[in-house]
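Trainee: Read off the chains here:
There are 2 protein chains.
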Amino acid sequence: MKKIETCEKNGFNEERMSNFLVHDSPYMKVLSFNFRGGQDLPIHSHDIDGQLCLVVIEGKGQFLGKDGSTSSAKPGDVLISDISEPHGLRASTDMRVLVTIAPPI
Amino acid sequence: MKKIETCEKNGFNEERMSNFLVHDSPYMKVLSFNFRGGQDLPIHSHDIDGQLCLVVIEGKGQFLGKDGSTSSAKPGDVLISDISEPHGLRASTDMRVLVTIAPPI
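Protein chains in written order, with the numbering used here: chain A, 1 to 105; chain B, 1 to 105.
It should be emphasised that the hints constitute simulated quantities derived from the structure, not laboratory data.
Remember, it's a predicted structure, so these values are computed and weren't measured experimentally.
Among the clues, some could well be false.
For identical chains, the list gives no copy identity; a pair is met inside one copy or between any two copies.
[To be verified] In silico DSS-like pairs for lysine-lysine, Cα to Cα no more than 30 angstroms straight-line: (1) Lys60 - Lys2; (2) Lys2 - Lys66; (3) Lys29 - Lys74; (4) Lys66 - Lys3; (5) Lys74 - Lys3; (6) Lys2 - Lys29; (7) Lys2 - Lys74; (8) Lys29 - Lys60; (9) Lys29 - Lys3; (10) Lys60 - Lys74.
Okay, chain A solo, but in the shape it has when bound (with noise of 0.2 angstroms):
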């Protein structure tokens, strides 16, 4: 058991989003994405099995799908996605986003 205090231990990067691995093992992987205002994630995707969940810790911003398809994004906005479909974020406020990967990429 461990605990990790996300909004505490990773500052935002000002020239593009920042990460860091929160955790990583055989069952899954969880990552802290942190955006400035105006910072995005472009959509990609990858060509493997599994799915990821997306949750908005804080800020605003758009999740981001294919063929240009957005959605509000806010706090408690969970986004549930096949890696192999096209997703992405961008935030309009600062914005923390957790990401959990399963199985672990």
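Position chain B against the provided structure of chain A, taking the given hints into account.
Mentor: Using the frame of chain A, we list chain B on its own:
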């Protein structure tokens, strides 16, 4: 790909911790746990393989571990635990926690 607005979809239960299923797949199970201040998820464990990731979305309380150990819990704090390890939660204020279990149970 699907979005779930966990803070809007689910209310609290005045009698006990409330929870609802956010997502279930062969890869992971995601639940939203909602507590009024003073409510708890008593310490428990299951003798099966896998891990869980708890992340606090709103509110404050304590993560509970074996032998009466406690650790403060605030937004952005993550607890990683084997499913077979004793774990629990106690809310000091109204509190929302997202739980991811992999592999799903």
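Trainee: Against each hint, give a clear statement of whether it holds in the structure.
Mentor: Here is how each hint holds up against the structure:
no.	hint	result
1	Lys60 - Lys2	both (28 angstroms within a copy, 18 angstroms between copies)
2	Lys2 - Lys66	between (36 angstroms within a copy, 12 angstroms between copies)
3	Lys29 - Lys74	both (22 angstroms within a copy, 21 angstroms between copies)
4	Lys66 - Lys3	between (35 angstroms within a copy, 14 angstroms between copies)
5	Lys74 - Lys3	both (24 angstroms within a copy, 11 angstroms between copies)
6	Lys2 - Lys29	both (14 angstroms within a copy, 20 angstroms between copies)
7	Lys2 - Lys74	both (27 angstroms within a copy, 15 angstroms between copies)
8	Lys29 - Lys60	both (24 angstroms within a copy, 25 angstroms between copies)
9	Lys29 - Lys3	both (15 angstroms within a copy, 20 angstroms between copies)
10	Lys60 - Lys74	both (5 angstroms within a copy, 19 angstroms between copies)
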